[in-house]
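Undergrad: Chain residues, written in single-letter form:
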Amino acid sequence: MSAYYLGIDIGAAASKAVVIDGQKKIIGAGVIPSGTNYATTASAVKAEALKQAGLQPADITFSVATGIGGRNASAGSYHGVIICDARGVNLTFPGVRTVIDIGGQGSQVITMDEDGRVINFNVSEICATGSARLLQVVARILQISIDEIGPLSLRATKPSSFSTSCTVFLETEVITRISQGDSLEDILAGIHRSIADKISGMSRGVALEKDFAVIGGGALDSGLVQAIDEKLGIKTLVPDNPRLMAALGAAVIAGEH
Amino acid sequence: MSETATPSKTEKKRAINRLKSMYPLRNVVQQDYIDTLKASNEGKPTVWSMLNYWEGDLPLKAMGLNIVYPENYATLLAASGAAEPFLDASDSDGFPTHMCGYGRSTIGYSYRMMKENGGKIPPDAPLGGMAKPALLLGSGIICDARFKWFQSLARYFDAPEWCLEMPMMATYEGSEPDLEAYQVKFLVKELKDFIAFLEKLFKQKMDWAKLEELTDLAVKIHETTYKISELRQSIPGPMHATDFWSSMPPSLFFAGDMKVSLKCYQDMLAEVQERVNNKVSGINYPERYRLIFAELPPWHSLKFFDSLAEMGWNFVFESFGYHAPKPPDLSKYSDPCEKLARLSRNFMFNVFPEAKADNIQNPIVETYLKIARGFKADGFFMHPLISCRAASCSLRTVQHWEQEKLDVPSLWVEGDIIDKRVFNPQEVLARAEAFEQTMDHYRKVRKSRGLDW
Numbered sequence: 001m002s003a004y005y006l007g008i009d010i011g012a013a014a015s016k017a018v019v020i021d022g023q024k025k026i027i028g029a030g031v032i033p034s035g036t037n038y039a040t041t042a043s044a045v046k047a048e049a050l051k052q053a054g055l056q057p058a059d060i061t062f063s064v065a066t067g068i069g070g071r072n073a074s075a076g077s078y079h080g081v082i083i084c085d086a087r088g089v090n091l092t093f094p095g096v097r098t099v100i101d102i103g104g105q106g107s108q109v110i111t112m113d114e115d116g117r118v119i120n121f122n123v124s125e126i127c128a129t130g131s132a133r134l135l136q137v138v139a140r141i142l143q144i145s146i147d148e149i150g151p152l153s154l155r156a157t158k159p160s161s162f163s164t165s166c167t168v169f170l171e172t173e174v175i176t177r178i179s180q181g182d183s184l185e186d187i188l189a190g191i192h193r194s195i196a197d198k199i200s201g202m203s204r205g206v207a208l209e210k211d212f213a214v215i216g217g218g219a220l221d222s223g224l225v226q227a228i229d230e231k232l233g234i235k236t237l238v239p240d241n242p243r244l245m246a247a248l249g250a251a252v253i254a255g256e257h
Numbered sequence: 258m259s260e261t262a263t264p265s266k267t268e269k270k271r272a273i274n275r276l277k278s279m280y281p282l283r284n285v286v287q288q289d290y291i292d293t294l295k296a297s298n299e300g301k302p303t304v305w306s307m308l309n310y311w312e313g314d315l316p317l318k319a320m321g322l323n324i325v326y327p328e329n330y331a332t333l334l335a336a337s338g339a340a341e342p343f344l345d346a347s348d349s350d351g352f353p354t355h356m357c358g359y360g361r362s363t364i365g366y367s368y369r370m371m372k373e374n375g376g377k378i379p380p381d382a383p384l385g386g387m388a389k390p391a392l393l394l395g396s397g398i399i400c401d402a403r404f405k406w407f408q409s410l411a412r413y414f415d416a417p418e419w420c421l422e423m424p425m426m427a428t429y430e431g432s433e434p435d436l437e438a439y440q441v442k443f444l445v446k447e448l449k450d451f452i453a454f455l456e457k458l459f460k461q462k463m464d465w466a467k468l469e470e471l472t473d474l475a476v477k478i479h480e481t482t483y484k485i486s487e488l489r490q491s492i493p494g495p496m497h498a499t500d501f502w503s504s505m506p507p508s509l510f511f512a513g514d515m516k517v518s519l520k521c522y523q524d525m526l527a528e529v530q531e532r533v534n535n536k537v538s539g540i541n542y543p544e545r546y547r548l549i550f551a552e553l554p555p556w557h558s559l560k561f562f563d564s565l566a567e568m569g570w571n572f573v574f575e576s577f578g579y580h581a582p583k584p585p586d587l588s589k590y591s592d593p594c595e596k597l598a599r600l601s602r603n604f605m606f607n608v609f610p611e612a613k614a615d616n617i618q619n620p621i622v623e624t625y626l627k628i629a630r631g632f633k634a635d636g637f638f639m640h641p642l643i644s645c646r647a648a649s650c651s652l653r654t655v656q657h658w659e660q661e662k663l664d665v666p667s668l669w670v671e672g673d674i675i676d677k678r679v680f681n682p683q684e685v686l687a688r689a690e691a692f693e694q695t696m697d698h699y700r701k702v703r704k705s706r707g708l709d710w
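So the sequence lines, in the order shown, correspond to chains A and B. At position 61 of the first sequence the residue is numbered 61 (the working numbering), and the sequence of numbers has no breaks. Counting from 1 along the second sequence, just add 257 to a position and that's the residue number in the working numbering.
Treat the hints with caution; some may be incorrect.
Short, incomplete list of chain B residues facing chain A, as computed with Cβ under 8 angstroms [unchecked claim]:
hint : residue
1    : I643
2    : S649
3    : S651
4    : T654
5    : Q656
6    : W669
7    : V679
8    : P682
Partner residues aside, some chain B positions facing chain A, computed with beta carbon under 8 angstroms [claimed, not checked]:
hint : residue
9    : N535
10   : E671
11   : E684
12   : A687
13   : Q694
14   : T695
15   : H698
Derived by calculation from the structure, the hints in this document are not laboratory data. Where is the CB? At the ideal position from N, CA and C, for every residue including glycine.
Throw the hints in and build the complete structure from the sequences for me.
TA: As structure tokens, this is what we get:
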């Protein structure tokens, strides 16, 4: 009988599930909004990943949950998202030693060894500064979809300047920039610089080593990835499914159970 | 179960191996609140006193005045889960939510007492509450928020506020030997002015013999607590941080009867020594990691340390600002005010000199480097507070130099001292799991560098 392992990541904004087989190959995955009932969300995202894998719940050998709501997921065990991020990226890009995870409510910079074991990390503080939450807020104000942010920002000619990286205060400043006639593209590029500044600050506490990867929902924004590259003077790798990395890492850990 | 009782045999094994000698010290403080309230009901005045590093506590005690400590009371509010209504009351009276938790909770207490309860103690106040003050004793040291906080409290009660000053800490310039005489002279004048004010306000004379007796007792208490701190460097760490926090007020504020406190600390010293002799740990699980806590604890969630103890995390030292350094020899001074001035100055200037070897020009950083070496720390648990710049602003620098000089990493956990609503224990546990890998890594790095832990 084949072995299959499930990883579930219940994040602040989105929940993800990944099913891998005994060779650590992804055979099913799901992503849904986290909503307000993490237990229900966990069941739903798990069902989606199982459906894609063509499996039944009983086919899963072991499961591991992670993320802020992961303890509600009724999985076999729970591990923190930092460890899971590292393991997921280690499987995807074995040469990566530094991971920048830009999540829906917080971000983290993680360094790791060749086995995906954590060397050091720095987590964003209690506010949402430096997280993808800011992108959601700005998309709402500018009346664009979140997917449009990256491509638009890459067309900026004179990125706007913001005095703060605080999500709440920045909302007000974005409105000020609109009133001052800044273009949509320049405002978005300025926002990206603001987040990149925060990520740069977070990276000071850890000794960055190449290769670098950006993961999490923020990694889907090509403009933000470019801003981080420019700020840190690095070239980052982005996985095909950057939001799945923690769930993938959880599935890998499940396979070691 | 009474506060002084030891756990029964039928209870689940506790994660932290509490010192039996901690309970009587905790009781000294709690009894002090009860006694002060009783005295107030009998018409005796109560003084609200800020942490002032002993400058003002002893003159008050020598005059037989009853003292309560709002900072300490705020920790009781938090630890008993009663803080939120008081925090909310402060917010509703227009004070900012990002203000010091000690300030917020006791401003809320005062607001509810004077504006909502007609001068009566709020019914949900733990330990019967703090009686209305006849005097508020502030202190200019540590931070400006404290200074303004007591001014605000005084307005609720229409009570006088006296503020004691002290030469600035945390600078090498202040530690220059030539300055000592000026600093002592300044402090002696502060004390004499304060005592004159007390005599006028309470219409009674200072008992100078009593002040001298209490100063001698203070030295003995600090000699004892210093010896306890030194013993705690043993492996396994014999005394967990939570025992220190629970037992520190009779040393930090001189709360309660100081003769009783001295006996209790001597008992604690004997118990810690016995643990060291027998290699008994402060946690009931194998000591896997030795942690230093910096700086002010989450008073609302001290039980959270049980979860970390179950993981083998022993908090072997903590909160250097709460520790009295080795006391000076005061026997050659005859003026009681000078004795007290030198004792008080000792905290501000004598914790640092031994730590200068690293030549970083930051006394707090160097003190923590000394502590990390002495205690063979595997990691720091940094607890920066949104509401406290004074206790938070040095932590990043400490983190940097601990890593740079000693390869000792830090876990960064933002929180608050009083408001538990900003604390997510599950999130911290998730980070703690990753931090174990970090501590494992740097343990190997330190060994490769020839460091002995």
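Undergrad: Need the list of violated hint numbers for this structure, in ascending order.
TA: 2, 3, 4, 8 and 9
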